[in-house]
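Novice: Read off the chains here:
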Amino acid sequence: MGYLVLALVAGLAAVERKGFLQAMLSRPIALAPLAGWALGDLEGGLLVAAPLELLWLGAVNLGAALPVHEALGTTAIAGGAVLAGRALGEGTSPEGAILAVLLCAPLALLGRRADRLVEIWNERLAARAEAELLRHHARAAVRTNLYGLVLPFAIAAVLAPVGAAAAEVAVPALLSAVPGARLPLRVGFFAFAALAGASGAKALRARTAPALFFAGLVAVLAGAALLGRLAT
Amino acid sequence: MSAPAKVPPLTLARVFWRCLFVQAAWNRRGMQNLGFAYAIDPALRALYPDADRREEALRRHLGFFNCHPYMAAAIVGGAIHHEEKVASGAEPGAQPLQYKRTLQGPLAALGDGFFWTALRPFFGAVAAVGALLAGWPAIVGALAVYNLIHLVFRLGLFRAGYAKGDAIVGDISRLALPVVADRLRSAGAALCGVAAAIFVLRAAAAGGSSGAALATAAAALGYLALARGARLLPAAYVAALAGAGAALLYGRLHGSS
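Protein chains in written order, with my numbering: chain A, 49 to 280; chain B, 471 to 727.
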């Protein structure tokens, strides 16, 4: 049942991402908690939402350029982290989440390749619409547009549960085999998340981005250090 | 002389709804051509009772079209503005095409620069920091504000395009979107720094001072590496694995894991 729910979430996100609306519902910050919630673990989805949003902040469709498929990657990672935590009987953890990231993030690249196939498929749809219009079937010609939503839905609905299933099997096996790796992996998750923050700042392409990124980083750390000192 | 042809308000609402599907069948040959034809079709049906004229109008809108999906609403609205004149005999059939050709490039650049590389990443960063500090309600709040802005813009552009046609250019330029975009990008970069610092503090909670040092190094060195052209996903793997590896080594050296 979990895989079916995940397939539906991934498919709808893939449609929202480009074909319909573009209201940020397929961005990692919304999609990861949604996937977690759909699988019964909102907090598990929230754990990976912010790092993935920042990591892929620059994944935007500019002109004909194709970005990585951040929605596919996010659904697989969030779903994999939640299902792996459930398989371990302990809920979603940073150490499980980082293993899910390492296993499923390449799906975002695979999704970009799939997007290229979708574009080729859509060229056929455009030719079909022109042919329908030549046959004076105007309604059929314009309706062809909606058929373009089918393939992105199907690709994401298949690949995301496959990635999550791989994480559900591999993550508990790895964590059980090397229990001493848990704390280091937990630190690895936060190192990854901190890099994701850097990726977000870099993606914003502002002239002042480096200065402002480091200023934000240092200001919060200095504030925390000061508060820590005041508290003692 | 007959009254000028007008598209009924309900049909305009239907066209606006269909504008949300403008990229449904994006392709490399015609790009958003199918989406544009799909969106404007209800208006063409209202304007051209004669099937031959309707098909001719639909054919001209099946040609190449590409714009930012939000800004495309302005061009769909403006194309209807011109199609009403064509249907009334006040303009030649080439006029709506001329309008589309003239505006699609500049509006695409403006939309990409404002919405895709400034407003959306800014709200992504706001939502990420909010989620780290306050959980899911912050995400809902950030997305609600983003979509309020997005839909007000999208609907406003459609209405302005329909009402004013070519005169919409002046309205859009008065918004000074590039200036606002620069400020949003700067604020977004600072928020990314704040988010990275929160992760460093969480690393400290998980792995002590060594965890904090590793996460700080990942943020600082990661930024420098990405700025020098390092690829994102390999950099993310290096950060995660080097962080875990260093923590493991530190644990071994200090007798714990």
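Just so you know, the hints here were simulated from the structure itself, not pulled from any lab data.
Possibly wrong hints are sitting among the right ones.
Now the stretches of chain B that chain A is said to cover, found in silico as 3 or more residues with beta-carbon under 8 Å [as the list claims (entries may be wrong)]: (1) 497–510; (2) 637–649.
Far from chain A by the CB rule (all over 12 Å, computed), these chain B residues [said to hold, decoys possible]: (3) K476; (4) P478; (5) P479; (6) S558; (7) P562; (8) A595; (9) L602; (10) R629; (11) A630; (12) K634; (13) A659; (14) A667; (15) R672.
Beta carbons are placed, not taken as given, at the ideal position from N, Cα and C, and that holds for glycine.
Novice: Just pull the numbers of the violated hints for me, sorted ascending.
Specialist: Numbers 2, 8, 9, 13, 14 and 15 - these are the hints that the structure violates, sorted from lowest upward.
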